[in-house]
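Using the sequences plus the hints, can you model the full thing?
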Amino acid sequence: MSSKPQPASSSSDLDERKQKRKLSNRESARRSRMRKQQHLDELVAQVGQLQDESKKMRQMIDGATQLYINFASENNVLRARVSELADRLHSLNSVIKVVSEVSELAYDVPHIPDVMLEPWQMPCSGQPIPANVDMFDDLFEF
13 MSSKPQPASS SSDLDERKQK RKLSNRESAR RSRMRKQQHL DELVAQVGQL QDESKKMRQM
73 IDGATQLYIN FASENNVLRA RVSELADRLH SLNSVIKVVS EVSELAYDVP HIPDVMLEPW
133 QMPCSGQPIP ANVDMFDDLF EF
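Add 12 to the 1-based position in the sequence shown for the working numbering, that's all there is to it.
Incorrect hints may appear among the rest.
Below, in silico cross-link-like pairs of lysine-lysine (DSBU-like), each with a Cα-Cα straight-line distance of 30 Å or less [to be verified]:
#	residue 1	residue 2
1	Lys48	Lys67
2	Lys48	Lys32
3	Lys30	Lys48
4	Lys48	Lys34
Okay, the calculated beta carbon distance ranges per label pair [stated by the list, open to error]:
#	residue 1	residue 2	range
5	Leu79	Ser40	52 to 62 Å
6	Asn87	Lys67	27 to 37 Å
7	Val111	Leu90	29 to 39 Å
8	Glu113	Leu90	47 to 57 Å
9	Glu65	Lys32	40 to 50 Å
10	Gly60	Ser23	52 to 62 Å
Since the hints were made in silico from the structure, they are not lab data.
None of the values given here were measured: they were computed from a predicted structure.
By construction, the Cβ of each residue, glycine as well, lies at the ideal position given by its N, Cα and C atoms.
So this is what it looks like as structure tokens:
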């Protein structure tokens, strides 16, 4: 920056450049405000969307929790029923045994495995069922 006095035309050029710069700065500030407002609008829309998703997820969780509570309650009822029926079966077998001893009949009550209490002891035989390998030949002929 020189300290020389500028001619009048140079001074008007300087004023014109200042005015252009002011105008450019105002326009830049306006665009910046518009970008900020647009970004804010996008964030507000995203907040609304996330709140909706959160509400749906809460409803799904509440529904799943209610189903779990219902199934757990039903499971407890069924377990109690299995226990009651097992006790009843035991009592009835005892009565049959006493009656058979009193009547001097040789009636043997076989032990019937309770599949619900011991699922690993299935009442069916564990023998394999043989299959004829040639029985599928007709299916694969083209």
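What hint numbers does the structure not satisfy? 8
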